[in-house]
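A.B. asks: For this one, chain A is given, so just place chains B and C on it according to the hints.
Protein chains in written order, with the working numbering: chain A, 1 to 368; chain B, 1001 to 1346; chain C, 2001 to 2401.
Among the hints, erroneous ones may be present.
[As the list claims (entries may be wrong)] Think about it this way: if two alpha-carbon atoms lie no more than 30 Å apart in a straight line, the pair counts; the simulated DSSO-like pairs of lysine-lysine are:
hint, chain 1, residue 1, chain 2, residue 2
1, A, K90, C, K2242
2, C, K2091, C, K2317
3, C, K2177, C, K2056
4, A, K90, C, K2370
5, C, K2053, C, K2220
6, C, K2242, C, K2056
Keep in mind that the hints were calculated from the coordinates and are not lab data. Predicted, not measured: the structure shown is a model, and the values here were computed from it.
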Amino acid sequence: MNSLIRRAVDPRGAVVVLLAVILVAIVVLNPSFAEPGQLVRFIQRVAPIAIVAIGQYFVIVSGEFDLSMGALVTAQVVTSGYLIGQDPSKIAAVLTLMLILGVLVGVVNGLATTLLKVPSFIVTLGTMLIIHGAVMWWTGGAATGDPVDSFRQIGRGGIEDVPVLGQLPYGVLVLLVVIVAAIWLSRRPFGRTLVAIGDNAEAAAYAGTNVWRTKTLAFVISSLSATVAGVLLVGYAGVHPSVGQGYEFIAITAVVLGGVVLGGGRGTVFGALTGAFTLESLFTLLNFTAVPSTMRDAIQGVIIIAAVAYSGVVFAKRRSTTSTDDQNPGRAAADDENPTPGPTTTPTPTSARDSSPIHPSGDAVARD
Amino acid sequence: MKRLARLDTTAFVYIALVFVLIVSAILVATTGRSILSPGNIRDILTGMSVLGFVAIGQTLVILGASLDLSVPYVMSLASLIAAETMNGSSAMVLPAVLLTLGIAAAIGMANGLIVTVLGVHGFVATLGVGLILKGYLDTNYQGTAGSVPWSFQLFGATGIGPVPISTIVMLALAVLVAFILARTRFGHHLFAVGGNAEVARLSGVRERLPLIGAHIGSSVCAAIAGLLLASRLGVGSPTVGSQGSYDLLSIAAVVLGGTLLMGGRGSIWGTIGGVAIFAVLDNLMSVMQFNPFFKDVIRGLVIIIAVAVYARRRVVARRIRFAAGPAGPAVAVAAAPTGSDERSPR
Amino acid sequence: MKRSLRTAVGIAGAGALIALAGCTTDPSVEQAPEAGGEESASTEWFNQELYDKQFKEREVTPEGPEDKPYLQMINPEMQDTSEHASEGGKKVCFANASISNPWRQTGWITMNEQLKELKKGGVITEMETRDAQDNDDTQIADIDYFISEGNCDGFIISPNSTAAITPAVERACETGKPVIVFDRGVQTDCAVTFIHPIGGFAWGIDSAQFLIDNLNEGDKVVALRILPGVDVLEQRWAAAEKLFDEAGIEAVDYFTDADPAEIKKIVSDELAKGDVQGVWMDAGDGAVSAIEAFEDAGKDYPVMTGEDELSFLRKWKETEMTAIAPVYSNFQWRTPLLAAEMIFKGEEVPKEWVLPQSPITSEDLDDFLKRNEGMPDGHYAKFGGEDLPGYPQVWQDRVIP
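Same shape as in the complex, but just chain A (with noise of 0.2 Å):
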């Protein structure tokens, strides 16, 4: 009972409770919501935001920012409705073009962030212009209309006549095997390395890792999750310019509401997913509510502010009462879903980050 206790107080925990606290209030408003059929749907479209999150997680708890994932995400929707069109046989040499389009822009990010030394926000900033850029620039404004049918269903079609949930749309099941993949990955010795990178990269760099083989990966697979949105997306909604706009910082917010501190070092892959959720039913709620449409963003502004604030005031009370409760509560949500090797138990000078909240991104090293 304490434990549970303890848990809904701790910030990851307390995500899940808001989560939890919003889709009650949704049912409440609308009772259909909680029909199988219905929360599948929500699930399908949660799924290139949560997919997009997921990616971000890998960059953020590395240390580093990926800001071109929104430019990413438009640039293969737009390649996908110019390259395919209305023929289904170039589906599969196409999807691999995307892929290859992803690993290409996650390696270009990784490199220049780690062996050009260049920090990883502009890196990623630079490439969000140049890839937005180019590909409206190559395909004329992206007029070109919607791929061919089939290809769509990905993200727009299901398994139909599934018992309870009627149709079990693809995208869910993409998003199922993205999490499998990710808290797999998360757990490999790559996840952990990357946790220790984004803690310490300084300590990690002694330790034997390859500090930018690692990130870099860590950009590829944020560039591959933003492909597999995109994916999704032109399913889900078509081709426009506008698709995908802005979902960087959709990514970030959730990976952030999820508990993942900015700066690295410090997250789980289940947190992400659950400020994925979150923001998400945030704003589906604020549809079902009489809330002004322009008043949406302002709501989240303040979920947000507040959530941080309030991880960051229960960890430093953690971290103040640490000697009389066990070693490292702080870490104890985490160390279930994905134990976190790194020195920071208890704050030294060479962690900035776990004793002086206002330097969240970590001493110059942690940079690097």
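C.D. replies: Relative to chain A, chains B and C alone:
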């Protein structure tokens, strides 16, 4: 610090600027025009003014290892408050300006407090505050509002020869802020906190105050940019800030100017150089009538390549606060993070 | 730091010296007499006078050649332009707001084809374009640049926003060269001609009236709007909202950024709440995803208003739903250059050149689909460039200069 022993990053920024200028001059000449014609100079300098104001403020925040993503909305709000308060009357100019700056300072204070007291990362805090402001603007304004009297329009439209007054004011602000950074305790402490908050705190610096101050400075600078926009537009506009993506561009300009994104190192003059590089580039691409989509590609490439050029240099060569500072802690801090920086693997 | 301080002081000192040498006020900025006129600070978009004017203009049969809608005029008050007449090739300078959406891209392609055609005539020999990328401040700088450096014989301005660009347009007028404004207006009548389709209220009237005619009192309409604060869009909604109110139609409005994913979510949520009988849009891009939301939810198609964007027209044809496509005449992008040529020749042009703006209805749907066969989905049916030499290849390939 022997002058030429190690070229500092600010010098490097200006070398890059000169390079861009030369390339521009040649390319502009191919269209039969001169980059130095009064109209062209004015175009470049006008392009610098707005982004310059924002970037000066952004520099403060970034030096303190934070970010300010709320600037576009502060700018829009400032233009509206100013235009609505003035409402065409010259007598209201001063009250309107003071009110605008006051409100901006309050927003900056809120940003600063959220970052320091609540411990929210600057990215999230200012993104959130920006969204709140955006919601307010979208809900309360359906379009441009208010009107700016002629006397205030002069701020945006008057020039000394080809040099707009707004650019001169911007440079004067840069001088002021550079002075504050170099000569005041606030400045020293900001560098200290940005360099390493922990060390700063252990050295007796109250880590919150400088960062709150930096956020106030950033919002006030954004508000000045908003005032300039109101002066140029003649009205206040709820979208004028977001139209220019001044949030990301100002951060890019600051980093292009050699300031470390993780804080503690950098200079206002580097930022001004970064802003100038953007302005010259934009001017060139407009004169050459580049496709607007292609312009974005070039901007992105320049940001990455330029920053890569100095980022590869030893971090220690970046402009720190001058070495012989009057305050003990500042010196200690200036030296502290370099130890780890110097051993960067490549 | 010391050194840069010294530099800064130097710059400031130099600046002061120049200031002493002579302070120049931008000659073009003058204290305007400001004859009251329109209240520039209006946040309330509904304007009864303008509404009534546009309401009537919808009914007027336009003057001019029937097969060339881009040369037609509604209630023109012709005026003499002989003061601008002169011999020789002319250069026009075009300050464009942006080409950031498919509607503007289509028009921009058309305009360039029109330019090619006009160059053969020898009157307009060159066009220089600056694109403001949706930024008011950039557009002001663009116009100022043209005034001082462009060597322009005439200006064409597509304002990014109404009030904000007004001072810059006035400056362009003060050069004495002809200024042509099109699409969004400005709050000055100094331009030789202001070219625009009937307007936002007419759009709102056409679309809302169609929904009202096809729905019953108490029915629900979801209004999907792109973004707040743009006058042409706000006027569309202001008129529609008024009509819905009067007719007892329940309308809820959302801002979507024209993002189809957002549109689909909003419509899905509205469908989850209860039945929706009508969908109103202030611009047609993304209309298809709204329709698909009905399909995916297994609901009957709504009565729908979109735009003459082909994706919507094709979906409409395919589903045979009850719909109308209000039009914000894309062919207006041809008119400014043609007007410029007329002005340089000294021919009469109307002070306010109101182009026809008639919705595509189910009767002429097939006709427009046929005329635009092979065009991409983001193309606009009433682009009006069928008689230009590049047709249809240039529009199909989306050749954007």
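A.B. asks: Taking the hints in turn, state whether each one holds.
C.D. replies: To see whether the hints hold, each was checked on the structure:
no.: 1; hint: A/K90 <-> C/K2242; verdict: violated (49 Å)
no.: 2; hint: C/K2091 <-> C/K2317; verdict: violated (44 Å)
no.: 3; hint: C/K2177 <-> C/K2056; verdict: violated (33 Å)
no.: 4; hint: A/K90 <-> C/K2370; verdict: holds (27 Å)
no.: 5; hint: C/K2053 <-> C/K2220; verdict: holds (29 Å)
no.: 6; hint: C/K2242 <-> C/K2056; verdict: holds (17 Å)
This entry does not satisfy hints 1, 2, 3, going by the numbered hints stated previously.
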